[in-house]
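Asker: Protein chains in written order, with our numbering: chain H, 10 to 527; chain V, 10 to 527.
Keep in mind that the hints are not guaranteed to be accurate.
[As the list claims (entries may be wrong)] A few chain H residues that face chain V, going by a derived Cβ cut-off under 8 angstroms, partial list only:
| no. | residue |
| --- | --- |
| 1 | 52 |
| 2 | 124 |
| 3 | 128 |
| 4 | 191 |
| 5 | 232 |
| 6 | 420 |
| 7 | 495 |
| 8 | 515 |
Please keep in mind that the hints were generated in silico from the structure rather than gathered at the bench.
We put the beta carbon where it would ideally sit given N, CA and C, even for glycine.
Protein chains: 2
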Amino acid sequence: MSTKLVKNAVGRLVPTEVNGKPQVPYMGVGKYKPTGRKYAPLIASCADYPADGNKIVPSLKDALIKAGLRDGMTISTHHHFRNGDLLAIQIFDIAHDLGIKDLVWAPSASFECHSPLTKYLEDGTIHHIEGSMNGALGKFTSEGKMKGTGILRSHGGRYQAVQDGDVVIDIAVIAAPTADFFGNATGDRGPAACGLLGFALADSQYANKVIVATDNLVPFPCVPWQIHGNYVDYVVVLDKIGISEKIVSGTTEVTKSPDRLLLAEMTALFCDEAGIIRDGFSFQAGAGGTALSIGIYFSEMLKERGMKSRWARGGSNKYLVKMLEDGLLEYILDGQTFDLDGVRSMRENPGHLNTSPFTSYNYHGKGNFASMVDVVILGATEVDVNYNANVVTHSDGMLLHGIGGWQNCIFSKCTILPIPLFRDRIPVIRDEVTTICGPGELIDVIVTERGIAINPLRKDLLEKLKDSKLPIKTIEQLKDEAEAICGKPEKIEYTDEPVAVIKWVDGTIIDTVWKVKK
Amino acid sequence: MSTKLVKNAVGRLVPTEVNGKPQVPYMGVGKYKPTGRKYAPLIASCADYPADGNKIVPSLKDALIKAGLRDGMTISTHHHFRNGDLLAIQIFDIAHDLGIKDLVWAPSASFECHSPLTKYLEDGTIHHIEGSMNGALGKFTSEGKMKGTGILRSHGGRYQAVQDGDVVIDIAVIAAPTADFFGNATGDRGPAACGLLGFALADSQYANKVIVATDNLVPFPCVPWQIHGNYVDYVVVLDKIGISEKIVSGTTEVTKSPDRLLLAEMTALFCDEAGIIRDGFSFQAGAGGTALSIGIYFSEMLKERGMKSRWARGGSNKYLVKMLEDGLLEYILDGQTFDLDGVRSMRENPGHLNTSPFTSYNYHGKGNFASMVDVVILGATEVDVNYNANVVTHSDGMLLHGIGGWQNCIFSKCTILPIPLFRDRIPVIRDEVTTICGPGELIDVIVTERGIAINPLRKDLLEKLKDSKLPIKTIEQLKDEAEAICGKPEKIEYTDEPVAVIKWVDGTIIDTVWKVKK
């Protein structure tokens with residue numbers, strides 16, 4: 010291993026160069042100050058585009074060839090269909106048929122449906138992935154089989170990276186449930202309606218070539234135009250671009266487990282005692298069964314008191330939509346719809362607003378929405394006694410999840426992680442997390458079924474909860490309780506070979522994922 | 010005069026350098042191909058902005074000082090209030106009080122209300138204007154009194170120039186009828202509602218510092234966010250930012266003159282005979298009494314035939330809104346509201362869409378809406394026998410109008426100029442126009458009270474209208490008729506001193522405005 014490693018501000022060894030590009034190690038929250046300029050795309054001219062607005066080409070293959078597909082390019086796709094995506098595989102099938110090699114795949118997230126791409130990672134069609142490496146792709150990466158090094162970014166970090174030119178996208182392919190021949194596109198209607206297209210915003214603005222693929226072509230203008238046709242080069246009409254039922258997958262179903270519901274209820278009670286549930290407050294509950302259930306408790310509290318929430322950040326789901334439609338919530342500022350009620354509401358409710366990683370999460374903007382949220386409830390695979398948290402690897406070192414908006418959300422005024430004390434008899438609270446995705450200073454509260462730990466940095470919360478009826482404990486106490494039940498977890502040994510890096514929201518590297526030992 | 014002049018592709022002498030910057034002479038429609046990259050703004054960081062989202066500063070002066078106002082900067086404002094703007098004067102009053110010199114004012118348009126700025130052009134607070142120089146400012150410019158050379162651009166050309174870095178805006182001040190503390194802003198509501206803020210889009214995206222001034226602060230989120238707070242540095246709350254009644258001014262009232270109504274009717278009949286009035290057709294009628302009246306005739310035709318228009322480009326007014334609300338029109342793609350019915354409709358009608366110079370007019374995009382319009386009806390101060398047209402100067406050489414969207418609109422599938430044969434006994438059809446704003450190849454039809462001339466390049470239209478009952482004539486015939494009544498106009502003599510240049514939509518210089526002789 011010739012990669013040079015340095016220790017960053019959270020004490021993790023990170024490479025100084027990844028896939029041949031120099032990197033900045035994580036320096037602390039708000040410490041790294043960018044000094045450069047945004048990425049500057051080539052200036053286009055209307056003289057090179059059809060005056061009548063019709064950019065349709067016969068097939069995805071034609072579009073990719075016209076866009077100049079060749080070895081080494083970076084190709085982006087988006088996860089608006091989550092596990093129902095039908096495009097990414099097609100794109101790399103075409104690339105493979107054309108004998109193209111060493112592509113970089115830059116999805117906004119990957120899902121189980123993308124597992125077949127391992128064959129293209131094996132045969133050299135794809136060099137590496139910049140985006141989430143979930144499930145089979147994560148296992149493949151963890152085993153050191155990917156040619157290049159994986160780069161994981163949050164949704165906001167992806168916008169930042171594209172905006173700043175850290176990732177230069179050669180060809181973006183945007184799956185659009187409805188579009189017109191000019192390339193105006195929306196996700197909120199059409200047979201494959203998926204809600205939003207915000208994850209493709211950066212790509213549309215900054216990619217060299219932009220292809221919109223739709224299975225529902227409408228006469229100009231396609232309204233709303235979530236994606237502006239003025240950024241689009243080619244439009245392709247396909248039979249089916251995605252399976253919208255499959256956006257309800259994995260992390261987007263509310264929990265039925267009594268344990269998880271207990272966590273949700275304790276979290277809601279904590280918020281109440283902490284004075285967070287006020288008229289006009291704002292909240293965000295991430296994906297994951299427990300987090301999604303919180304809204305139900307918030308609803309009850311608001312209804313009882315005749316209050317309402319001013320805004321909630323989505324991922325939207327039927328619970329959030331019900332709050333909106335019941336008048337308990339004024340606005341959903343949605344980033345992605347987690348179920349078909351969300352899609353419908355996005356289309357029908359004027360208070361259900363289309364947001365993007367630019368508005369909500371981009372750390373290299375003039376502020377963003379994430380830091381304005383009163384309380385955010387998220388999941389984690391592990392938390393350590395310094396409140397550092399992990400969302401990408403399991404305790405065996407295997408890379409199995411993406412970051413999503415998690416890193417961006419923890420900038421909220423109060424970040425709460427409701428987590429079980431252990432999973433499959435493996436403690437979740439550790440001396441050290443396997444992979445640091447978020448620094449402890451941004452994690453305020455850990456809620457477990459056996460007690461709630463408040464970050465000592467949050468003296469205000471400790472003071473407010475000092476006479477609480479809730480079981481307030483230290484994080485060390487919680488860890489000890491878990492270990493008393495499960496035993497002290499053994500330290501896992503890794504190789505010294507980086508297989509992926511975790512970017513912080515500012516583009517610096519906060520941690521490394523190491524190749525697992527056989 | 011040491012300025013080097015060259016003859017461009019329409020035979021006009023244009024300077025090779027303006028205000029110290031090299032220039033490209035006009036090369037023909039679609040001939041100049043940009044090779045560079047878009048302007049790249051500095052990368053911001055959320056670490057430098059308040060985490061709670063509150064960007065309010067106490068006063069406009071504070072905001073300007075915080076934004077670093079200093080000598081030689083380029084300051085932009087916008088004409089959403091048209092003649093009711095209250096901000097531009099305040100900004101330059103502040104600059105003057107601070108002793109700042111040599112500013113460039115880059116408004117999206119100027120109006121009579123800006124006449125007091127001549128004092129700051131005189132005392133050196135403002136060096137020159139890049140934007141329209143109407144009325145008193147135009148006269149001031151024409152008389153050679155402006156320190157620098159004025160640069161006139163179309164609305165699309167302004168977006169192009171800002172996008173491409175031809176104009177680098179140091180500080181943009183956006184008057185927002187409604188905004189939140191984060192800088193999200195909308196024009197469609199609030200006591201000073203003006204409809205849209207699209208002319209400020211480029212500025213928000215590319216200016217170094219962006220100030221939003223509002224007289225209607227609402228709790229976050231301000232919905233809709235026509236301007237994204239993520240681009241905004243400071244928010245200022247003022248007593249009154251503009252007089253919305255005054256957006257109905259000058260060119261935005263429908264004509265009552267029987268002569269003008271005749272022109273409108275002839276134009277509509279021409280469109281009908283040319284086969285343009287079809288189910289689903291699209292149209293745009295510019296500002297100016299005659300053009301605005303066309304919609305009334307289109308409405309009658311559509312209603313009679315049970316047809317509807319798919320979309321119309323605004324400037325919206327009560328006539329267009331009535332078409333939308335009567336179901337004769339599916340969408341208004343609006344660029345600016347010309348009256349308060351337009352403002353109301355923008356707020357209330359889902360089919361009344363917010364567009365911008367980016368979507369509609371930017372020639373350095375991947376297409377724009379303007380070239381997709383079936384027919385556009387515009388005004389002109391002069392047209393010549395080669396169909397070149399002028400919209401900025403009068404026949405005495407005086408610069409009195411801005412270009413607006415005119416240059417952008419003439420890319421439509423059929424551009425018609427309904428104009429009187431003469432004004433105040435001065436013929437409107439000339440051997441040569443005083444200033445070429447649009448090349449003849451893009452002007453298809455001239456409609457006058459005494460006959461209609463079709464550009465010989467449009468063989469298809471000549472063929473369609475060959476058995477017309479309308480008085481189809483050649484443009485030379487029309488010119489002769491005018492001269493038979495008014496006499497041959499005398500050639501006006503100018504100095505050889507350029508006082509302003511007219512940019513084409515691609516940033517090249519299509520013509521020069523010369524200092525008038527005393």
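Asker: So, for every hint listed, does it hold in this structure?
Answerer: These are the hints, each one checked on the structure:
no., hint, result
1, 52, "holds (4 angstroms)"
2, 124, "violated (34 angstroms)"
3, 128, "violated (34 angstroms)"
4, 191, "holds (6 angstroms)"
5, 232, "holds (6 angstroms)"
6, 420, "holds (7 angstroms)"
7, 495, "violated (38 angstroms)"
8, 515, "holds (7 angstroms)"
Checked against the numbered hints given earlier, the structure breaks hints 2, 3, 7 and satisfies all the rest.
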